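Trainee: Between the sequences and the hints, there should be enough to build the whole structure, so can you do that?
Just so you know, the sequences run in chain order Z and G. Going by our numbering, the first sequence opens with residue 1, and the numbers climb by one from there. Going by our numbering, the second sequence opens with residue 1, and the numbers climb by one from there.
Just so you know, the hints here were simulated from the structure itself, not pulled from any lab data. Quantities reported herein were computed from a predicted structural model and do not represent experimental measurements. For glycine and all other residues, C-beta sits at the position ideal for the given N, C-alpha and C. Among the hints, a few may not be true.
Rough simulated footprint, nothing fancy, chain G against chain Z, three-plus residues with beta-carbon under 8 Å [what the hints assert, rightly or not]:
1. 19–26
2. 93–103
Looking from chain Z toward chain G, a few residues come up when the C-beta cut is under 10 Å (computed) [claimed, not checked]:
3. 2
4. 4
5. 6
6. 13
7. 35
8. 48
9. 49
10. 52
11. 53
12. 56
13. 58
14. 88
15. 90
16. 107
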Amino acid sequence: ETGVTQTPRHLVMGMTNKKSLKCEQHLGHNAMYWYKQSAKKPLELMFVYNFKEQTENNSVPSRFSPECPNSSHLFLHLHTLQPEDSALYLCASSPDWIKQFFGPGTRLTVL
Amino acid sequence: LAKITQPISMDSYEGQEVNITCSHNNIATNDYITWYQQFPSQGPRFIIQGYKTKVTNEVASLFIPADRKSSTLSLPRVSLSDTAVYYCLVFDSNYQLIWGAGTKLIIKP
Chain Z
1 ETGVTQTPRH
11 LVMGMTNKKS
21 LKCEQHLGHN
31 AMYWYKQSAK
41 KPLELMFVYN
51 FKEQTENNSV
61 PSRFSPECPN
71 SSHLFLHLHT
81 LQPEDSALYL
91 CASSPDWIKQ
101 FFGPGTRLTV
111 L
Chain G
1 LAKITQPISM
11 DSYEGQEVNI
21 TCSHNNIATN
31 DYITWYQQFP
41 SQGPRFIIQG
51 YKTKVTNEVA
61 SLFIPADRKS
71 STLSLPRVSL
81 SDTAVYYCLV
91 FDSNYQLIWG
101 AGTKLIIKP
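Mentor: Written out as structure tokens, the structure is:
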């Protein structure tokens, strides 16, 4: 257990659905991250929040929309996804930008 | 933009020392190099961080030469449970996080 939880752990959705991924940490960390991990590809950093403010958006398509209502919660809203968006979505938090604590991930399948 | 290269896979045997090297050019001069371990169906887990020379903790050592163009993760006396994917992570000169593609380490009995 890293102290970072993610729900749901598995999600299957159609291309016209809207769903949200949730990440929660009570470690007191100020930085939170969303990553995408596809088979045979490096971890892709999607979004970074520092003190609830988005500081990075690495050219992520607008069908992915992050939300950080407070320093303990992070959401990733999904809409009109494509099959190539199927992947493991990982949330992480960090106290110092060096050591990141990852959640178990949400395995997303887009049909 | 920094480019990271690490071996795709490695095999070793229980009780051996394993060294995994990550090559990284054009990285930030004043930031840490970190290594993570990932098991299937789990998020990566922090192993060790270093800035230069050698760092050792209870699970691994990290060797970083003076030019910081590479780093070597050393796992002493590995066991079957060390079978995992190992990633190095650096900041590039623009302070962007750059992950290596990962090294799949397989430990055999």
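Trainee: Indicate, hint by hint, whether the structure satisfies it.
Mentor: Verification of the supplied hints:
Evaluation of the coverage hint for the stretch 19–26 of chain Z: breached, as 0 residues show C-beta separations to chain G shorter than 8 Å, against a requirement of three. Taking a C-beta to C-beta cut-off of 8 Å, the stretch 93–103 of chain Z contributes 6 residues in contact with chain G, enough for the three needed, and the coverage statement holds. At about 7 Å, the closest approach between the beta carbon of residue 2 of chain Z and any beta carbon in chain G falls short of 10 Å, and the interface hint on this residue holds. Evaluation of the residue 4 of chain Z hint against chain G yields a held restraint, the C-beta minimum of about 8 Å falling below 10 Å.
Because the beta carbon of residue 6 of chain Z sits about 8 Å from the nearest beta carbon in chain G, less than 10 Å, this interface hint is met. Given hint, residue 13 of chain Z at the interface with chain G, is violated; its Cβ is 20 Å from that chain's nearest Cβ, farther than 10 Å. The closest approach between the C-beta of residue 35 of chain Z and any C-beta of chain G is roughly 9 Å, which is under the 10 Å cut-off, so the hint is satisfied. For residue 48 of chain Z, the interface hint holds, the least distance from its beta-carbon to any beta-carbon of chain G being 8 Å, beneath 10 Å.
The restraint placing residue 49 of chain Z at the interface with chain G is violated, with a minimum CB-CB distance near 14 Å, outside the 10 Å limit. With its C-beta approaching chain G no nearer than about 19 Å, residue 52 of chain Z sits outside the 10 Å limit, and its interface hint is violated. Given hint, residue 53 of chain Z at the interface with chain G, is violated; its Cβ is 16 Å from that chain's nearest Cβ, farther than 10 Å. Against a cut-off of 10 Å between C-beta atoms, the interface hint on residue 56 of chain Z holds, since the closest Cβ of chain G lies about 8 Å away.
With a least beta-carbon distance of about 8 Å to chain G, the hint placing residue 58 of chain Z at the interface is held under the 10 Å criterion. The beta carbon of residue 88 of chain Z comes within 8 Å of a beta carbon in chain G, closer than 10 Å, and the hint placing it at the interface holds. Because the beta carbon of residue 90 of chain Z sits about 5 Å from the nearest beta carbon in chain G, less than 10 Å, this interface hint is met. Interface hint at residue 107 of chain Z: satisfied, since its Cβ lies 8 Å from the closest Cβ of chain G, which is below the 10 Å cut-off.
When held up to the earlier numbered hints, the structure conflicts with 1, 6, 9, 10 and 11 and fits the remainder.
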